[in-house]
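Listed below, chain by chain, are the residues.
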Amino acid sequence: MTQAIHILTKEVKDYFITPIAYIVISIFLLITGWFFFTTFFLYNQADLRQFFNLLPITFAFVIPAITMKLFAEEVNVGSYEVLMTLPVTMNDIIIGKFLAAVAFLGACLIPTLAYPIFITFMGQLDWGPVIAGYAGAILLGGAFAAVGLFASSLTRNQIIAFIVGMVICFALTTIDKMLFFFPQILISVIGYLGADYHFQNISKGVIDSRDIIYFSSVIFIGLYGANLAMRSRN
Amino acid sequence: MIHVENLTKYYDKFCAVDRINLDIAKGEIIGLLGPNGAGKTTTLRMLTGYFKPTSGEIQVKDLAIDDHQLEIKKMMGYLPESAPLYHSMLVYDYLDYIARIRGLGGDKKLARIRKLVELCGLGGIMHNTISELSKGLKQRVGLAHAMMTDPEILILDEPTSGLDPNQIAEIREIIRQIGREKTVILSTHILSEAEATCDRIVIINQGKIIADGSTQDLKQAATKERFIRISLLDAPFDDASALINPIDGVERVEQLNSTDNGRLDLRLTCRSESDLRKYIYQAIKATDWILVEMHQETKTLETIFRELTKEN
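Heads up: the sequence lines are chains A and B, in that order.
Sequential numbering from 1 applies to the first sequence in the numbering used here.
Sequential numbering from 1001 applies to the second sequence in the numbering used here.
Hints were generated in silico from the structure; no laboratory data involved.
Worth double-checking, as some hints may not be accurate.
[Said to hold, decoys possible] Straight-line C-alpha distance at most 25 Å; calculated SDA-like pairs for lysine to any residue: (1) B:Lys1061 <-> A:Met90; (2) B:Lys1109 <-> A:Arg231; (3) A:Lys13 <-> B:Arg1112; (4) A:Lys69 <-> B:Ser1082; (5) B:Lys1052 <-> A:Arg233; (6) B:Lys1108 <-> B:Glu1071; (7) B:Lys1074 <-> A:Leu228; (8) B:Lys1285 <-> B:Arg1306; (9) B:Lys1108 <-> A:Ile5; (10) B:Lys1052 <-> A:Leu83; (11) B:Lys1052 <-> A:Ser79; (12) A:Lys13 <-> B:Ser1134; (13) B:Lys1074 <-> A:Ile17; (14) B:Lys1285 <-> B:Ile1247; (15) B:Lys1109 <-> A:Ala4; (16) B:Lys1074 <-> A:Thr9; (17) A:Lys13 <-> B:Tyr1086; (18) A:Lys13 <-> B:Glu1071; (19) B:Lys1052 <-> A:Gly78; (20) B:Lys1109 <-> A:Thr2; (21) B:Lys1013 <-> A:Arg231; (22) B:Lys1061 <-> B:Asp1199; (23) B:Lys1026 <-> B:His1189; (24) B:Lys1013 <-> B:Lys1026; (25) B:Lys1074 <-> A:Val75; (26) B:Lys1135 <-> A:Glu81; (27) B:Lys1115 <-> A:His6; (28) A:Lys13 <-> B:Leu1256; (29) B:Lys1074 <-> A:Gly78; (30) B:Lys1052 <-> A:Gly225; (31) B:Lys1052 <-> A:Asn157; (32) B:Lys1135 <-> A:Ile17; (33) B:Lys1052 <-> A:Leu228; (34) A:Lys13 <-> B:Lys1109; (35) B:Lys1109 <-> A:Ile17; (36) A:Lys13 <-> B:Gly1103; (37) B:Lys1074 <-> A:Thr2; (38) A:Lys69 <-> A:Ser216.
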């Protein structure tokens, strides 16, 4: 586990010594801030419902951009060979990189805490759903980061990794809104696969074990897939 | 120290390494020599555990590499070809990261980094990013990386490629120093390098070992076969051949070129422990031909290498 922590700190440092981190955070804040505040005053409600409604779709674009380099760049530059000959296991590498992406996600979300603080000046904010929403955002982000990491492990090209990751995340987000395309029998199963559906449950303040199990499963499957893909390389 | 048995690696249908057997003792500096694409890098990558062999066995200190990857990685330092390092990191940050992941901490880590900086001459570049460095400097950072924990086994893939002659001399000196106590395996396609640094040379071609022995052994094996060139005036080739061929040890007499000025250049292929020039001279002395030139060529490592790897 200490090895995973060394990799985690190295990857987080790596994010912040290149401009990518600052660009991604700025874009994320611009998009969420714009969509939130353009409608906030129209609804005239002191809650973050609008912010959390849009979060899954924003994440579907932003998170693959965070994770795309994690394996693809390493394989492309060749430093992967160095990494594999250090005394670390594949699990250390994958957990370290995954947690680095989640930590970066946290860095994206922290500035948005300004929104609820701002709202408390204007009205009575119910903090319950807000806290649950942020917890859900980390779970959702973790699930997408695992998917993005898997996409990054498939290719040495960062752009392909981004697009593959984005397509999967986008599909997970929107699939429960396209249920009318599917036969009656499958609807409940496919509806259950939707990330947005589970996230909205949590962000309403309802913490259900089914939603937590859903996100944990996506994280596990993503990381396991990445593990298999990297192992099969050599 | 390292035991390799029937090591084979296929890339799809292409056989990169073909049933290699090797035993490497502690404290040996061994040079893998071969033309490009001979399978040197693939062999080294399998020794480090980065590539999985298609078949065959590798044991390091009696530990099979499949079951004890972590232990073996801990006692190995590896410098991959052209030192692929993290571009965006500072040299210091990089060495710090490697030290921590290799389990060094606190004062020990700092002392080790200081020592390596001195050994590899990294003093002035600790606060540069790796992408700014020249190829030679990167190579040195890579070398420092490989030697971080003072490993028992050091594997270097073309350690001197891209370096200037002074740096090459320095790196050779470093390798020699380390090789006194540690096992060093290095690959190269430069002969003089293998000759200058290694105790033992293994020549690989098309995935097979075609020669294995100390520099001395290889040279001696080669000097049994040698060429003697002689130039004669007023001698017809047939007579000269008839005279010289029966001498014990001469295998073949060839005419190199026939010039109009009556000079005959011959090349004699000989296989003998002793020097044949004496007998050849005595034979010619009995005739009335004029001997204008005679000299013996012994094979250098270079000619051995060329002969061994040029087949097919």
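Consistency of the hints with the structure:
The straight-line distance between the Cα atoms of B:Lys1061 and A:Met90 is roughly 23 Å, inside the 25 Å bound, and the hint therefore holds. A threshold of 25 Å between alpha carbons decides the hint, and for B:Lys1109 with A:Arg231 the separation of about 31 Å lies outside it, so the pair is violated. A C-alpha spacing of about 23 Å is found between A:Lys13 and B:Arg1112, which places the hinted pair at or below 25 Å, so the restraint holds. Taking the CA atoms of A:Lys69 and B:Ser1082, the gap is about 21 Å. The hint holds against a cut of 25 Å.
Of the supplied pair hints, the one linking B:Lys1052 and A:Arg233 holds, its CA atoms being roughly 10 Å apart against a limit of 25 Å. Straight-line distance between C-alpha atoms of B:Lys1108 and B:Glu1071 comes to about 21 Å, which keeps the hinted pair within the 25 Å bound. Note on B:Lys1074 and A:Leu228: the hinted pairing holds, with a Cα-Cα distance of about 24 Å set against a maximum of 25 Å. The suggested pairing of B:Lys1285 with B:Arg1306 is violated, with an alpha-carbon distance near 36 Å, which exceeds 25 Å.
The hinted pair formed by B:Lys1108 and A:Ile5 meets the criterion: a straight-line CA distance of about 20 Å does not exceed 25 Å. In summary, the hint linking B:Lys1052 to A:Leu83 is supported, as the alpha carbons are separated by about 16 Å, within the 25 Å threshold. About 18 Å separates the Cα atoms of B:Lys1052 and A:Ser79, which keeps this hinted pair within 25 Å; it holds. Distance restraint check for A:Lys13 and B:Ser1134: the Cα-Cα separation of roughly 24 Å lies within the 25 Å cut-off, and the hinted pair is therefore satisfied.
Between the alpha carbons of B:Lys1074 and A:Ile17 the distance comes to roughly 29 Å, so the proposed pair goes past 25 Å and is violated. About 14 Å separates the Cα atoms of B:Lys1285 and B:Ile1247, which keeps this hinted pair within 25 Å; it holds. Taking the CA atoms of B:Lys1109 and A:Ala4, the gap is near 19 Å; set against the 25 Å cutoff, the hint holds. Distance hint between B:Lys1074 and A:Thr9 is fulfilled; the C-alpha atoms sit about 21 Å from each other, no more than 25 Å.
Between A:Lys13 and B:Tyr1086 the CA atoms are separated by roughly 12 Å; this keeps the pair inside 25 Å, and the hint holds. At most 25 Å may separate the alpha-carbon atoms for a hinted pair to count; A:Lys13 and B:Glu1071 exceed this at roughly 28 Å. Proximity of B:Lys1052 to A:Gly78 is assessed by CA-CA distance (about 17 Å); at most 25 Å being required, the pair is judged to hold. With a C-alpha separation of about 16 Å, the suggested pairing of B:Lys1109 with A:Thr2 holds against the 25 Å cut-off.
Under the criterion of a C-alpha separation no larger than 25 Å, the hint pairing B:Lys1013 with A:Arg231 is consistent with the structure, at around 20 Å. In summary, the hint linking B:Lys1061 to B:Asp1199 is supported, as the alpha carbons are separated by about 20 Å, within the 25 Å threshold. Distance hint between B:Lys1026 and B:His1189 is fulfilled; the C-alpha atoms sit about 24 Å from each other, no more than 25 Å. Simply put, B:Lys1013 and B:Lys1026 have alpha-carbon atoms about 35 Å apart, too far for the 25 Å limit, and the pair is violated.
About 22 Å separates the Cα atoms of B:Lys1074 and A:Val75, which keeps this hinted pair within 25 Å; it holds. As the CA atoms of B:Lys1135 and A:Glu81 are separated by approximately 18 Å, the hinted pair is consistent with the 25 Å bound. With a C-alpha separation of about 23 Å, the suggested pairing of B:Lys1115 with A:His6 holds against the 25 Å cut-off. About 69 Å separates the Cα atoms of A:Lys13 and B:Leu1256, which puts this hinted pair outside 25 Å; it is violated.
This hinted pair checks out: B:Lys1074 and A:Gly78 have alpha carbons roughly 20 Å apart, not beyond 25 Å. This hinted pair checks out: B:Lys1052 and A:Gly225 have alpha carbons roughly 20 Å apart, not beyond 25 Å. Under the criterion of a C-alpha separation no larger than 25 Å, the hint pairing B:Lys1052 with A:Asn157 is consistent with the structure, at around 24 Å. Distance restraint check for B:Lys1135 and A:Ile17: the Cα-Cα separation of roughly 22 Å lies within the 25 Å cut-off, and the hinted pair is therefore satisfied.
Distance hint between B:Lys1052 and A:Leu228 is fulfilled; the C-alpha atoms sit about 15 Å from each other, no more than 25 Å. Between A:Lys13 and B:Lys1109 the CA atoms are separated by roughly 20 Å; this keeps the pair inside 25 Å, and the hint holds. Under the criterion of a C-alpha separation no larger than 25 Å, the hint pairing B:Lys1109 with A:Ile17 is consistent with the structure, at around 23 Å. For the hint linking A:Lys13 to B:Gly1103, the alpha-carbon distance of about 19 Å falls within 25 Å, and the restraint holds.
Taking the CA atoms of B:Lys1074 and A:Thr2, the gap is near 15 Å; set against the 25 Å cutoff, the hint holds. A distance of roughly 23 Å separates the Cα atoms of A:Lys69 and A:Ser216; the hinted pair therefore holds under the 25 Å criterion.
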